[in-house]
Amino acid sequence: MTTRRPKPEKSQGKPKSRKRSRTSGLPPGTLVYIGPEREGPVHITAMTYDRSGVTEFPVLDPEKVGQIPKDHLITWINVDGLQNIHAVETIGKQLNIHPLVLEDIVDTTQRPKIEVTDDYTFIVFKTLTFDETTSEIVSEHVSLVLGEHCLITFQETAGDPFDLVRNRIRSSVGRLRTSGPDYLAYALIDAVVDDYFSVLEKLAEGIEVLEEDLATRADPQMLREIHKLKVDMIVLRRSVWPLREVLNRLSKGDAPLVQKETIPYLMDVYDHTIHVIETMETYRDIVSGMLDIYLSSISNRLNQIMKVLTIISTIFIPLTFLSGWYGMNFKYMPELSWKWGYPMVIVVALTIVSLLLYLFRRNEWI
Amino acid sequence: MTTRRPKPEKSQGKPKSRKRSRTSGLPPGTLVYIGPEREGPVHITAMTYDRSGVTEFPVLDPEKVGQIPKDHLITWINVDGLQNIHAVETIGKQLNIHPLVLEDIVDTTQRPKIEVTDDYTFIVFKTLTFDETTSEIVSEHVSLVLGEHCLITFQETAGDPFDLVRNRIRSSVGRLRTSGPDYLAYALIDAVVDDYFSVLEKLAEGIEVLEEDLATRADPQMLREIHKLKVDMIVLRRSVWPLREVLNRLSKGDAPLVQKETIPYLMDVYDHTIHVIETMETYRDIVSGMLDIYLSSISNRLNQIMKVLTIISTIFIPLTFLSGWYGMNFKYMPELSWKWGYPMVIVVALTIVSLLLYLFRRNEWI
Amino acid sequence: MTTRRPKPEKSQGKPKSRKRSRTSGLPPGTLVYIGPEREGPVHITAMTYDRSGVTEFPVLDPEKVGQIPKDHLITWINVDGLQNIHAVETIGKQLNIHPLVLEDIVDTTQRPKIEVTDDYTFIVFKTLTFDETTSEIVSEHVSLVLGEHCLITFQETAGDPFDLVRNRIRSSVGRLRTSGPDYLAYALIDAVVDDYFSVLEKLAEGIEVLEEDLATRADPQMLREIHKLKVDMIVLRRSVWPLREVLNRLSKGDAPLVQKETIPYLMDVYDHTIHVIETMETYRDIVSGMLDIYLSSISNRLNQIMKVLTIISTIFIPLTFLSGWYGMNFKYMPELSWKWGYPMVIVVALTIVSLLLYLFRRNEWI
Amino acid sequence: MTTRRPKPEKSQGKPKSRKRSRTSGLPPGTLVYIGPEREGPVHITAMTYDRSGVTEFPVLDPEKVGQIPKDHLITWINVDGLQNIHAVETIGKQLNIHPLVLEDIVDTTQRPKIEVTDDYTFIVFKTLTFDETTSEIVSEHVSLVLGEHCLITFQETAGDPFDLVRNRIRSSVGRLRTSGPDYLAYALIDAVVDDYFSVLEKLAEGIEVLEEDLATRADPQMLREIHKLKVDMIVLRRSVWPLREVLNRLSKGDAPLVQKETIPYLMDVYDHTIHVIETMETYRDIVSGMLDIYLSSISNRLNQIMKVLTIISTIFIPLTFLSGWYGMNFKYMPELSWKWGYPMVIVVALTIVSLLLYLFRRNEWI
Amino acid sequence: MTTRRPKPEKSQGKPKSRKRSRTSGLPPGTLVYIGPEREGPVHITAMTYDRSGVTEFPVLDPEKVGQIPKDHLITWINVDGLQNIHAVETIGKQLNIHPLVLEDIVDTTQRPKIEVTDDYTFIVFKTLTFDETTSEIVSEHVSLVLGEHCLITFQETAGDPFDLVRNRIRSSVGRLRTSGPDYLAYALIDAVVDDYFSVLEKLAEGIEVLEEDLATRADPQMLREIHKLKVDMIVLRRSVWPLREVLNRLSKGDAPLVQKETIPYLMDVYDHTIHVIETMETYRDIVSGMLDIYLSSISNRLNQIMKVLTIISTIFIPLTFLSGWYGMNFKYMPELSWKWGYPMVIVVALTIVSLLLYLFRRNEWI
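Chains as they are written, first to last, in UniProt numbering: chain A, 1 to 366; chain B, 1 to 366; chain C, 1 to 366; chain D, 1 to 366; chain E, 1 to 366.
No lab work stands behind these hints: they were computed from the structure.
All values derive from a computational prediction rather than experimental measurement.
Please note: incorrect hints may appear among the correct ones.
[Stated by the list, open to error] Okay, derived cross-link-like pairs now, BS3-like style, lysine-lysine, Cα gap no bigger than 25 Å in a straight line:
# : chain 1 : residue 1 : chain 2 : residue 2
1 : C       : K307      : D       : K307
2 : B       : K93       : A       : K339
3 : B       : K252      : B       : K228
4 : E       : K331      : C       : K339
5 : D       : K331      : B       : K331
6 : C       : K260      : B       : K93
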């Protein structure tokens, strides 16, 4: 299970719901995949484990999801590739998942949410990673269906955070192996939220670079970078803010399938989301302060330019007039034939220049 | 039943209540049609259906609405053409609808709301469609009166979303045919909310076009387009925000006529309205970021213009002074008769130009 | 009873509390009239009515308010002319109204509020009318004291909305005649709120005119008009926002003297105030968008002006230098005596102009 | 007892907590006077009164506060001069006041608050007066300790509002003399809140003056005045907003020592604080609107200046070029020797001027 | 125990979580130190005290923390040097602290929070000091674990506020010695909050300096200083705002280990945090007002510059044209040979200058 990302969705916050209108006019419960174009079959892997051991195997046929051998107490079924509507529908039927829940699973524009029923708890959230090549935040849609002895997860593509948890299950008999599927759900959410901090750090780097740039230059490109930072923060907020609500409800014990021992852990990850949100608020304030600096530095530069123009004009325009004056061709113009006429004009010109320079200096223009 | 829209109301958010003052001084319960000018008679259609079958027939005389044969369990009476006050009043009397409710039905400026009584649940909401020819969002006023076995709907003109539901009733024995009028009401609201996404996507397209334009040019027309986008979002928010409240109350089980099985569906459409609202908030942030870019690009352009002026002036004003100086007609002006006077001036002029160009380069002006 | 308005209070939102300091240092319950200067005696009219008939008579002496013959079940006493402190105090004593309530009745700067006691419900609100001659919103202070069989109303001057209700009582045996004084209070509030819509429509007209003006011209006067619109909206908000709260409490059944049948009507007028508030919010957003357009159109115009200046300067400054150059009077200046010197200069000048025009065109300046 | 104010604290909202750090590192309950520098001894006056009479006497020694003869039912002890820490501490000990309460009494930066215990109710608030000589709002710190039969008040300096109440006690057997110390506390708060209106009216005057100035001129000084108004409003808000909360709690009957008959009076003064707050909000909106007008009038003026420059330049630069052209000294320049050369140039110059004037007129520049 | 601060963390609000990503992928409960690079061993000191006496001793080996002799009733164990993960982990195990709590103790980016369990109350908060040498606010991470007879504190480095409390314990038998560890926890928090006021006063000084500067000059550097002030306030708010919540919960009696007698003290320090927050809000409003003044003073200066340019240009450009005109070399130019030609031109030039000066004066330009 590798970490392919065929065509990462451009999560610029804008064209999210582009294909949302495909569902228009369809009866509720009709599955329609909403998201970036993707191809390839669905990948289903099952993992059963408990204190005594771990068994893993791929599930090749969606029809056979219902017959997964339950070697151990806890079963984790992971499904990658939401574009394969038919497979998701089959899995849903086998595992008795409500059609409206399936609709949310294949709608990658669905915001994070929680739905608690007596039989299962359904949680939607987003993974966020920073794509170094495109400098963009890549968001992916993840759904969890938490049953009594079983957790079913749905992803757009296979991804890092889940692999980390999978390795922890395989490698040692830690808390993960001794707790129920609710702790597994927590571990997955926690791994995803940990990634949010990486994205946050990327934003912080961007802000630092911009602040240094602001101190030295202020070209129009910067405004676009500030705008991009803002949009990135909007994307992040849209993912984290509702997740915070989800975790708040979970950590308050609203979901009967979440055991009491897991609640402190959920409160911990809830705390992390608050940390992300507060840091983001701080960044937002800083970025909007940078915008003020940028805008006022443009004004300052205009002032600088105008000062140069005004100094040059103010010095030379009177001088030009003076020389033009004695360029007049009047027959009777006594100064022209004076012996000291030309030296006098030189003195007048120097006086004007000195006076103006003095005035500029006094007004702190130069 | 076609989709005529004789004179679509310009839902620019402003002149909505233009004719609201017509009701001034009238006793409450007096029916006054408030809305865009429309003509033509009222159209009433009745549909009764249940699991066993569907019967449809037009009702030509409003007086006979009370005598519609109830072939099947569930009756859906649809009324198009609110401008026909007398007909609406007659229907209201026949079906025992409170005068204040009728007042809200014919007031197309009425905001979305819900009123729950023991006998019926009254819901007002808005359809929104994007009119491609005028590039405007067209809003229409829809009212539902949900009784125990019957749903009465009032529209300004006949429209698409209702036709889609009607076809689903006709075509198959799905959930619509097996559930009560509360599910029918849900299906109608859901169809309308699905249309909101189309409007949202139109807005997203407008934003994308504007963003591309911003990158290449920034003319005053853009500000008007940004303003139009903002006003469109205000129209959308005015329709969606109160509808969210309506659906929240419905999905909390406040209305006794809504059955428990329908509630998950209402929660789903409530979720959709939250999605619309959050996406709109995101758009608003992006649009206000674009406004910043636009405004600062105007300032930048001014800087650009001033730079050109200043460079030209700063280079030529001293040169012009120089040539004016030796254009003076003093008799005793020794330089004029020097052999190397003219070449010297050329050298001085070239020196000034070189120096200024060097300074401009150093300040990164050119 | 005519609609005189001797000196309408300038309700510009600012100097409202000008005379408020007159009460400073006085013990609570001391009646001090706060409001615009007015003269003339108090007018008291009484109206008793029920299903069987209506009796109206003026009350000439405030001392005799307590002895009004109660021919019919419901009594409505209306008092115009709050500046007459002594008369109001006498009426208050006769009818057993608490001194603090009387203080609020004669304080025209008192914000809308409700006070519920076991004996009566005291409601303060504002009438708003648009004065066509001064283009200003005129606000008047109205107080209702609702008893079990009696309603006492206090106005600054006699006014339209109350006359409309009075006529409805006189003319027919409608709901007004068959219901209690709580319905009468509702009818009065409803009549006043209906007038708010007229004011709202005036604002909408003002906004439309401004929007059209913005498209064609943008002079400094517009900013003042935008400012005036904003201040008008503040006045409106100050009247409507607390009234909404008053109606919310009334429609929740907080006042024991309000009967259950009247509550749907109060909810209806509560709904109207929400409509007014939401429309106003929309207007505020639109107006602040207009401010952005106005401010940026000023910047655009500056750009336009600077462009013209720069084009003219950039074309002529080099040419002027060129001609100045050959205006120099050096003895040894070979070009001057060349045969083709002058045509050469013409060619150079034309080349410069062509080149600059080409550059301007390329930069889309002209 | 006169109204000395030796060194009124500059309540500019900024340096309030300058000496707050003096308490740093001290154990809680250590009394430290925080506030403007003041000198002089403490003044203690006691007043006992009831329906039957009033007795007043100064208390010279703080040690003897505990032995004040209680001639009448209600005792009011007033202490002026908080800078005298030792005296305040002695009084506190004599009257059994908690050290933390004493700390708040001598900390003039303490925000308005209420503390309710079984034995007493402790209320902190601020008097506000407008100092005509410095045009500044002067704020003073007042504390009330309300016991069962006794009210102790602490002031920075003796002041007007308390004298007014004192006179009312002396002069007549009104409600003040017949009610308990809770009504006395109300009367003092009411007197102070009445003064807020005077401050508000001063602000209103300042706003009016500024608005008139805006209409005629817009110099940089105005911005400072707008800023000062804003800071004054911040000072006012900091005093009124928490007092509103205090009064809200009092009027809800939270304090057991407040009798039921006093509650309508407390609600009345609570209402006054809301009036102050709402008026202030209105002022804030108006002032920020004025800021917009001011800023845009600066831009407009720049446009005006640039227009003048551009008109002058655009007219004369071509003319100057023209005359420079025929100032060239080429030997072979046929126009110079034409008979009609000079008149022709005059005609060309006039044509240029006319054309430009026409263009300016068309663009509405002149 | 000195006050070394080897490398104070730059608490600029931005790069706080730089190393947060180090925890990514680790199972929860894995201790990772997050914070500025620090070296050196951990310092553990223990202090046991009660009314009868005080015993202090250093603990050299973290393994022996569990065997601290309990000479007196109350034990305070203080740990400095969070970078030493292994030592912290050992201490945690000895004292039975939950791994998630330990994780928060060594994460210096953790926001202030409270966790209440049956066995202990865990509180996180921040010390803030103003570093005079770097003009920056230095924030440090402090954690308290409050047990029944014992308080364990964790600091990044040893610091002033704690030393002050330690001295009070040593010096006298005050409330500290007679109360439980909850009062000790209060005393530590109170000492830290007292330091916040010092930081606030530094901000106030910065604001005052800036205000004076604004009145005299307005250079681009000021904007950076305003920005720095804003960022400092963000840092402060991030520390104080959540601490306020912590204290609110504590003073409401949520923590069973906090005794009733301590609650008034906690309410007092809660009140102090509100004071800090409100003062900060005031500062924020003032600073944003200063930004307006700064920005408009830039615009004003531009106007000033443009005025100078325009006055100079407008006076000399017509004069230059005039002199250029009579510099033309036409053969037939009658004025040139007039006797009074030159004086006439002088008169015309003076007239133009006078007229323009008059116009400038009238427009109040000079």
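Right, here's what the structure says about each hint:
| no. | hint | in the structure |
| --- | --- | --- |
| 1 | K307/C with K307/D | 11 Å, holds |
| 2 | K93/B with K339/A | 113 Å, violated |
| 3 | K252/B with K228/B | 36 Å, violated |
| 4 | K331/E with K339/C | 19 Å, holds |
| 5 | K331/D with K331/B | 20 Å, holds |
| 6 | K260/C with K93/B | 23 Å, holds |
When each numbered hint is compared with the structure, violations occur for hints 2, 3.
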